[in-house]
Amino acid sequence: FVFHILPDPTGTSAIWAAQRVPDDHVSVVANMFVIREVDFEDSHDFLFSDSVRSVARERGWWSPGKPLDFTKTYSDGEYEHKFYSGRRVWGAYRLFGVVGLVESYTDLRVEAVYPVTAKPPSPVEVGTLFRIHRDYYEGTRYDMTKNLAAGPWGDPDRWTTSSKSVQGGWERSIGLFRTTAAHVVQARAGGQGSVLWFGPHTSASTVFMPLSAAASAVPTPYSTSDPNKLSRESAYWAHRYVFNVAKMKYSYAMKDVRITQAKLESEGLALVKKLDALPHGKESTGLINKAYAEHAARILREFWSLPDLLVEKYADGWLEDKSSLGYPDWWLEAVGYQNGPPPPPPPHSKKALLEEGRCADAAVQRCVGACPARGFASCAARCTQECDGAEVLV
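Going by the working numbering, the first residue of the sequence shown is number 21, and it counts up by one from there.
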């Protein structure tokens, strides 16, 4: 079910409604109500409080016998800015494979532009949900890894902005730097039962760690997550640390992060499958706890090794201290690189050197005389190389 609730006018109870999500459908809720017309005659697909109708009738928002749009009636709509919710609904449905949805609208509260539920073209895997949690609209016109705001390294995050003199707004992506944690829950009857895939900190640099209902303990790295106190024992801090180090060369560094991320999540999927085969009962609980604890320790260890790898590889704008990564041409043009200091004047011609007296014996002697003992030979060679082939003046 999709479930919405808000206080009633008395402040002592609630107005609520729920709509069933068919087994082969998905639904997307992003900081805003999505339930539209409530079918009061369909007790299988809709549940609701009596106050849904009574409050709407008392306030003059609805008349008996007419459709009641729950979102239009009770939602405040999008906050922060237009598309704050709708873009994410559109973005998530797009990754589920639901096509033909509009990208724009006037008022999402009033206009039922997106379905409450939709059937994706193929079964949904947990990896699909991991990908949705990490989405920055890549490959669309709203791609946050593109354009000047993303910088030369395609950084999709936009720090919280509170300018009093510049009015504007950033796209609200699904993936977001200020995420405390993300999770995917599999409601299952077989094997170990339901599985929680838990990802501390932002989805972009987290690893979704599985933990089943059959376990009786939470691995230690996932029981420590004080955002104000760095801890090397905390998975939250391991992922947060990697995320912030990767910012120095985001489009490059995140490739390394994603390789480790994908490997560990694949291992997690394999682990769940392996533990599903264990016999049911208390005798398996210890084995399950141990297996998840070992997997958690491996995630912690590998992610704490990543920051050093990233610094070694990308420090000071170089790739492993061998070649400069430079800046992309589009960014150089956008920031006015071509308008910077001009090249130096061309080298003097031999004729000009002779006319200026720079090839006279006295001038060359002064140059050589100023050369330090260390590196004397190369310095002296530089004093005469400009005059090679010129007629020396005495």
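Hints were generated in silico from the structure; no laboratory data involved. Hints should not be assumed to be uniformly reliable.
Calculated cross-link-like contacts (lysine-lysine; reagent style DSSO-like; alpha-carbon spacing at most 30 Å) [to be verified]:
{"#": "1", "residue 1": "LYS139", "residue 2": "LYS310"}
{"#": "2", "residue 1": "LYS249", "residue 2": "LYS267"}
{"#": "3", "residue 1": "LYS102", "residue 2": "LYS166"}
{"#": "4", "residue 1": "LYS275", "residue 2": "LYS294"}
{"#": "5", "residue 1": "LYS342", "residue 2": "LYS294"}
{"#": "6", "residue 1": "LYS310", "residue 2": "LYS267"}
{"#": "7", "residue 1": "LYS275", "residue 2": "LYS166"}
{"#": "8", "residue 1": "LYS333", "residue 2": "LYS267"}
{"#": "9", "residue 1": "LYS275", "residue 2": "LYS302"}
{"#": "10", "residue 1": "LYS310", "residue 2": "LYS294"}
{"#": "11", "residue 1": "LYS310", "residue 2": "LYS333"}
{"#": "12", "residue 1": "LYS275", "residue 2": "LYS184"}
{"#": "13", "residue 1": "LYS283", "residue 2": "LYS333"}
{"#": "14", "residue 1": "LYS86", "residue 2": "LYS166"}
Hint-by-hint comparison with the structure:
1. LYS139 with LYS310: violated, 38 Å
2. LYS249 with LYS267: holds, 21 Å
3. LYS102 with LYS166: It holds: about 21 Å lies between the C-alpha atoms, which stays within 30 Å.
4. LYS275 with LYS294: holds, 29 Å
5. LYS342 with LYS294: Answer violated: LYS342 to LYS294 is near 44 Å, above 30 Å.
6. LYS310 with LYS267: Distance ~35 Å between LYS310 and LYS267 Cα, so the pair is violated.
7. LYS275 with LYS166: holds, 16 Å
8. LYS333 with LYS267: holds, 13 Å
9. LYS275 with LYS302: violated, 42 Å
10. LYS310 with LYS294: holds, 13 Å
11. LYS310 with LYS333: violated, 35 Å
12. LYS275 with LYS184: violated, 36 Å
13. LYS283 with LYS333: holds, 20 Å
14. LYS86 with LYS166: violated, 47 Å
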